[in-house]
Amino acid sequence: MRKLTNLIINEYVKVFAKISTVIMLIAIAALAGIYTFANYQSVQQEKRWQTSDTSSQLETYDQIIARERSVQSPGWEIRVERYTYERDHRIDLYDGNWKDLAVANAFDHKSNALAAETESEKARLEQAANDMIATVEKDDWKNYVNLLIRLVNQNPILSAEEKEAQLWTLNYRLTHDVKPGNAYFGYNIYSNDDQADWRNNALVMLESAKQTMNEQYAKAVADRETNALAEAEYAVAINTYRLENEVNLFTTTHTGNQYLGQSGKTPGVNFWTVFSGSANKYIIMFIGVLLIIVAGSAISSEFSSGTVKFLLINPVKRWKILAAKYISVLTMAVIMLAVFYLLNALLTIAFFGVTGLTAPHLSVAGGNVVTGSSFLYVAWQYLLAGVVVVTTATFSFSLSSLVRNSALAIGLGVFLTLSGELVTVLLAESLKADWIRYILFANTDLGGIMNHSTLFVGQTLPFALCVIGVYMAVFLLTAWDGFMRRDVR
Amino acid sequence: MDIVLKINSLTKFMGGRKIIDNISFETYAGEVFGFLGPNGAGKTTTIKMALGMLDSDGGEMEICGLNVRKKFEKAMVNVGGIVENPETYGYLTGLQNLRQYKRMRAGVTEERIQEVVRFVGLENRIKDKVKKYSLGMRQRLGVAQAILHKPKLLILDEPTNGLDPAGIRELRDMLKKLAHEDGVAVLVSSHLLSEMELMCDRVGIIANGRILGVKSTKDLMNEAAGNQKIVRFTVGETGKALAVLAEMSLSAANVTSQTFDLPVESDTQASEVNIRLIQAGVPVMGITPLERSLEDIFLEITGEGGNQIA
Ligand SMILES: Nc1ncnc2c1ncn2[C@@H]1O[C@H](COP(=O)(O)OP(=O)(O)OP(=O)(O)O)[C@@H](O)[C@H]1O
Ligand SMILES: [Mg+2]
Numbered sequence: 279m280r281k282l283t284n285l286i287i288n289e290y291v292k293v294f295a296k297i298s299t300v301i302m303l304i305a306i307a308a309l310a311g312i313y314t315f316a317n318y319q320s321v322q323q324e325k326r327w328q329t330s331d332t333s334s335q336l337e338t339y340d341q342i343i344a345r346e347r348s349v350q351s352p353g354w355e356i357r358v359e360r361y362t363y364e365r366d367h368r369i370d371l372y373d374g375n376w377k378d379l380a381v382a383n384a385f386d387h388k389s390n391a392l393a394a395e396t397e398s399e400k401a402r403l404e405q406a407a408n409d410m411i412a413t414v415e416k417d418d419w420k421n422y423v424n425l426l427i428r429l430v431n432q433n434p435i436l437s438a439e440e441k442e443a444q445l446w447t448l449n450y451r452l453t454h455d456v457k458p459g460n461a462y463f464g465y466n467i468y469s470n471d472d473q474a475d476w477r478n479n480a481l482v483m484l485e486s487a488k489q490t491m492n493e494q495y496a497k498a499v500a501d502r503e504t505n506a507l508a509e510a511e512y513a514v515a516i517n518t519y520r521l522e523n524e525v526n527l528f529t530t531t532h533t534g535n536q537y538l539g540q541s542g543k544t545p546g547v548n549f550w551t552v553f554s555g556s557a558n559k560y561i562i563m564f565i566g567v568l569l570i571i572v573a574g575s576a577i578s579s580e581f582s583s584g585t586v587k588f589l590l591i592n593p594v595k596r597w598k599i600l601a602a603k604y605i606s607v608l609t610m611a612v613i614m615l616a617v618f619y620l621l622n623a624l625l626t627i628a629f630f631g632v633t634g635l636t637a638p639h640l641s642v643a644g645g646n647v648v649t650g651s652s653f654l655y656v657a658w659q660y661l662l663a664g665v666v667v668v669t670t671a672t673f674s675f676s677l678s679s680l681v682r683n684s685a686l687a688i689g690l691g692v693f694l695t696l697s698g699e700l701v702t703v704l705l706a707e708s709l710k711a712d713w714i715r716y717i718l719f720a721n722t723d724l725g726g727i728m729n730h731s732t733l734f735v736g737q738t739l740p741f742a743l744c745v746i747g748v749y750m751a752v753f754l755l756t757a758w759d760g761f762m763r764r765d766v767r
Numbered sequence: 002m003d004i005v006l007k008i009n010s011l012t013k014f015m016g017g018r019k020i021i022d023n024i025s026f027e028t029y030a031g032e033v034f035g036f037l038g039p040n041g042a043g044k045t046t047t048i049k050m051a052l053g054m055l056d057s058d059g060g061e062m063e064i065c066g067l068n069v070r071k072k073f074e075k076a077m078v079n080v081g082g083i084v085e086n087p088e089t090y091g092y093l094t095g096l097q098n099l100r101q102y103k104r105m106r107a108g109v110t111e112e113r114i115q116e117v118v119r120f121v122g123l124e125n126r127i128k129d130k131v132k133k134y135s136l137g138m139r140q141r142l143g144v145a146q147a148i149l150h151k152p153k154l155l156i157l158d159e160p161t162n163g164l165d166p167a168g169i170r171e172l173r174d175m176l177k178k179l180a181h182e183d184g185v186a187v188l189v190s191s192h193l194l195s196e197m198e199l200m201c202d203r204v205g206i207i208a209n210g211r212i213l214g215v216k217s218t219k220d221l222m223n224e225a226a227g228n229q230k231i232v233r234f235t236v237g238e239t240g241k242a243l244a245v246l247a248e249m250s251l252s253a254a255n256v257t258s259q260t261f262d263l264p265v266e267s268d269t270q271a272s273e274v275n276i277r278l279i280q281a282g283v284p285v286m287g288i289t290p291l292e293r294s295l296e297d298i299f300l301e302i303t304g305e306g307g308n309q310i311a
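Protein chains in written order, with the numbering used here: chain A, 279 to 767; chain B, 2 to 311.
Hint data in this document are derived by calculation from the structure and do not stem from the laboratory. Where a beta carbon is used, it is the ideal one built from N, C-alpha and C, also for glycine. Hints should not be assumed to be uniformly reliable.
To be verified - Below, computed lysine-lysine pairings styled on DSS-like, alpha-carbon distance capped at 27 Å:
(1) B:153 - B:133
(2) B:72 - A:281
(3) B:177 - A:281
To be verified - What follows is a list of derived Cβ distance ranges for each label pair:
(4) B:74 - A:319: 52 to 62 Å
(5) A:751 - B:120: 43 to 53 Å
(6) A:643 - B:107: 28 to 38 Å
(7) A:755 - B:17: 53 to 63 Å
Said to hold, decoys possible - A few chain B residues that face chain A, going by a derived Cβ cut-off under 8 Å, partial list only:
(8) 82
(9) 85
(10) 88
(11) 89
(12) 92
(13) 104
(14) 106
(15) 202
(16) 289
Could you build all of it, start to finish, from the sequences and the hints given here?
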């Protein structure tokens, strides 16, 4: 045991004495910095864009109006009327606040009124439109919401279920002081003090998820297409939980879920979107490349430089040397992932502050929302991304045991890492064969599989781990066999 | 005397050729054994097989009575050495290299490292990266590494390679001391025979993968003295002289325009040739007896192998 530890220390000394390793480590640290900085910059850019001056907005309205006039697509008169109104009342084109929505809603009612079949219906719609405009002019959003409540109650088309859903939202607005607004633009993603904004966002998405559930429910029975339904259900649970428990920032595994805000994580850009984004497999791939370099030269370079004789003249059995080399690759992977995790956490705090550091991780189990640690969730993401890193490093390690040329072992490893998933996707799309699910790289996007975006239907985490395990075993046996039988020439 | 390394009918095929052909020999504690042979004779291959770096196609090897294949770790505890080149990590310093080695060996202390570094005269450069070393310095580091754990069997494959004359002398004295005073069995391979002559107690000669003989250096030299002598004639014109020799049914070697070498049975035969040359009108300017070194014997024994790579 002591011997093995000493052999591992030897490997570490060798790896870290190489200048190439140091350069790679610096490059990886720089990459972490660039990633965080780029996120920070894009936020700054967005802010500048959001505060663009109103005179250019007036010009934009003029352009829109001019276009509507020249194209004259059906209903253009109403639209020109609407944009003219918005321009004259200086309603911000970009922030998508409640007035913008109310004006749009009012003019929708006006155009519906034109198409109304009965006089009474026409009068009702026109009245609604005028009432809406009135609330805008009085700057009274609560009255607007009350108006909406009245309209929902009067609406003959809505089912009881739909009514209940919409009324829940509107009442929540009144009781919690949440102005209506556009989910994306109206939600001021960069200010954390405006608590109303995240609530509006959650409300809008909740409503849209509930709507999908209503539509999908009927469809799902016919088509058995349950994915959208499941997504909506998940989002309803999460968003309801957030609204009831005052949870602004959170993380969740369902990254592809359109009802959970921007990129499915916490809405907007904050510590958690940036930090959990750092578990991105393409960023962690750089750690993978460093490990491939270490693993790919571990054995071959000893043979090509002749230093294997330096090793084998000692009272250490070959398998111990091999084990020490592999264990040092493995431990290096774990250490580097851990350091990268900490480094990214610190960098993200440096750029985005500590707001939301305590955000929970939300998931749904058996219809109930379960809270967990978001730090643990991101660590888990790192670990899953690390599995691929270790697998490709093991591949290079086995090549390293077969060839004398380190560049070959490293090159093939890097090539496989960069192209593996792409080639697998292309194969899956062109051949549409089921056996492709047994290809290593159909199973390496564990983060994606955990977040339910998979290449094949029913690709589960245990299945993927089993496939990876089999490949690893083959790689390791090859490495073992190659090294044990290799002659020193 | 204790047998330390025992090689028994070792055989190896490589690329369809029999590279090592039934080699057997032994080395003893307290002696320097010279393993001599021309390039490509199979010295390195034999050493690699003895240390288990290369699989053999037959034969056994034992170190201190331990079968290298079956008791590898126990056997290797007793071995130190350099195979082919002093293999070191260029990107590590000399000291880091020695520490790598130390971690693979039981009972090597930092003090021992310092002692050995001083012993090979590298104390000023031991903290430099090895890639900045000269060949001789690397060789010294190799020796330091080989003797670090005080092995019972020290195997040095062409250790004088790259050493300066002073270094060669130091190494020679060191190996002799290790063998004769500390009882180490030293195996040195080389084709530089002049210096083997000075440091080896016994010599095994190998050519084309076969052992041609194992003899003590003293016996070899005596044989050399007992055999034919070679005399170098310096004459006015070798053309005529060769004709005279032909008449006497003698043949010369190393013929140049002014000189030729002639193997003779005795001094009388040399003077006879001298008289015949003068009678034939060939001016003889000088007659010098040539010293027969181990080198000549070696070339003689190994025959073709001496100047032709098998
Ligand atoms: N990898 C190999 N494949 C095929 N033949 C080899 C290989 N390595 C060595 N040989 C052959 O084995 C024979 C012995 O080589 P070896 O290196 O043992 O000679 P040596 O006595 O150490 O020579 P030198 O004095 O040049 O070091 C040579 O004929 C060589 O051509
Ligand atoms: Mg050799």
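Taking the hints in turn, this is what the structure says about them:
no. : hint                      : in the structure
1   : B:153 - B:133             : 31 Å, violated
2   : B:72 - A:281              : 17 Å, holds
3   : B:177 - A:281             : 33 Å, violated
4   : B:74 - A:319: 52 to 62 Å  : 58 Å, holds
5   : A:751 - B:120: 43 to 53 Å : 48 Å, holds
6   : A:643 - B:107: 28 to 38 Å : 55 Å, violated
7   : A:755 - B:17: 53 to 63 Å  : 29 Å, violated
8   : 82                        : 6 Å, holds
9   : 85                        : 7 Å, holds
10  : 88                        : 4 Å, holds
11  : 89                        : 7 Å, holds
12  : 92                        : 5 Å, holds
13  : 104                       : 4 Å, holds
14  : 106                       : 6 Å, holds
15  : 202                       : 24 Å, violated
16  : 289                       : 45 Å, violated
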